[in-house]
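Novice: Letter by letter, the chains look like this.
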Amino acid sequence: AQSVTQLDSQVPVFEEAPVELRCNYSSSVSVYLFWYVQYPNQGLQLLLKYLSGSTLVKGINGFEAEFNKSQTSFHLRKPSVHISDTAEYFCAVDTGRRALTFGSGTRLQVQP
Amino acid sequence: GAVVSQHPSWVICKSGTSVKIECRSLDFQATTMFWYRQFPKQSLMLMATSNEGSKATYEQGVEKDKFLINHASLTLSTLTVTSAHPEDSSFYICSARASLAATDTQYFGPGTRLTVL
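Chains as they are written, first to last, in the numbering used here: chain A, 1 to 112; chain B, 1001 to 1117.
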């Protein structure tokens, strides 16, 4: 069975500072990895995904993530955050079933 | 990107009644739709996988007789919560994808907040 661990439930950061949201996964098979963002009372929006190829993936809104197979990690980064980035961020894996297994989420709180 | 809608966006009902939630893919045909539920401040948990024209596949612990899923067309799946109780109050989110190819994106609906009194 696969699982996804997001180590930080909340990450406070000041505006224009860099941020990293951590995600680790466990799976006995190859996985596809995703990061989604959820704004209050809304559904999920895809930020980026890793399927194969380059381990550095660039997504929307200036976010990027790096797949590290040896460390089974897929951390999300942004060099300079904005107030509008305040939201819940979910890491997820697809082991081939096409349904997603989600992490518990990280609340990014950007402060002025 | 593709659009998935849900209706209603929120619903309040009395205990014992049934509630139907619709999930539509507006600009693509969805061979597969997924239903998730999300409790406050928690992650999304997969409830079932729905393929057009066939019976839904439910995750372990999800009562198929309580959560009826119908995927009658390539653009519509419905989730009916039968005899709802307060513990069924949750945020229900559907997602849809055009195919099962790994490269195909899964698009999420905006969610339906169900409150059972």
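Just so you know, these hints were derived from the structure itself, not from any lab.
Idealized CB from N, CA, C, for every residue including glycine.
Treat the hints with care, since some could be wrong.
Claimed, not checked - Straight-line alpha carbon distances no greater than 25 Å define the calculated DMTMM-like cross-link-like pairs of lysine to aspartate or glutamate that follow:
hint: 1; chain 1: A; residue 1: K69; chain 2: B; residue 2: E1087
hint: 2; chain 1: B; residue 1: K1064; chain 2: A; residue 2: D94
hint: 3; chain 1: B; residue 1: K1014; chain 2: B; residue 2: E1087
hint: 4; chain 1: B; residue 1: K1041; chain 2: B; residue 2: D1027
Said to hold, decoys possible - Listed next, with one range per pair, are the computed distances between beta-carbon atoms:
hint: 5; chain 1: B; residue 1: P1086; chain 2: A; residue 2: S52; range: 41 to 47 Å
hint: 6; chain 1: B; residue 1: S1015; chain 2: A; residue 2: P12; range: 38 to 44 Å
hint: 7; chain 1: A; residue 1: R77; chain 2: B; residue 2: E1059; range: 39 to 45 Å
hint: 8; chain 1: A; residue 1: R77; chain 2: B; residue 2: N1070; range: 38 to 44 Å
hint: 9; chain 1: B; residue 1: S1015; chain 2: A; residue 2: N41; range: 19 to 25 Å
hint: 10; chain 1: A; residue 1: S9; chain 2: B; residue 2: R1113; range: 39 to 45 Å
Novice: When the hints from earlier in the document are held up against this structure, which numbers fail?
Specialist: 1, 4, 7 and 10
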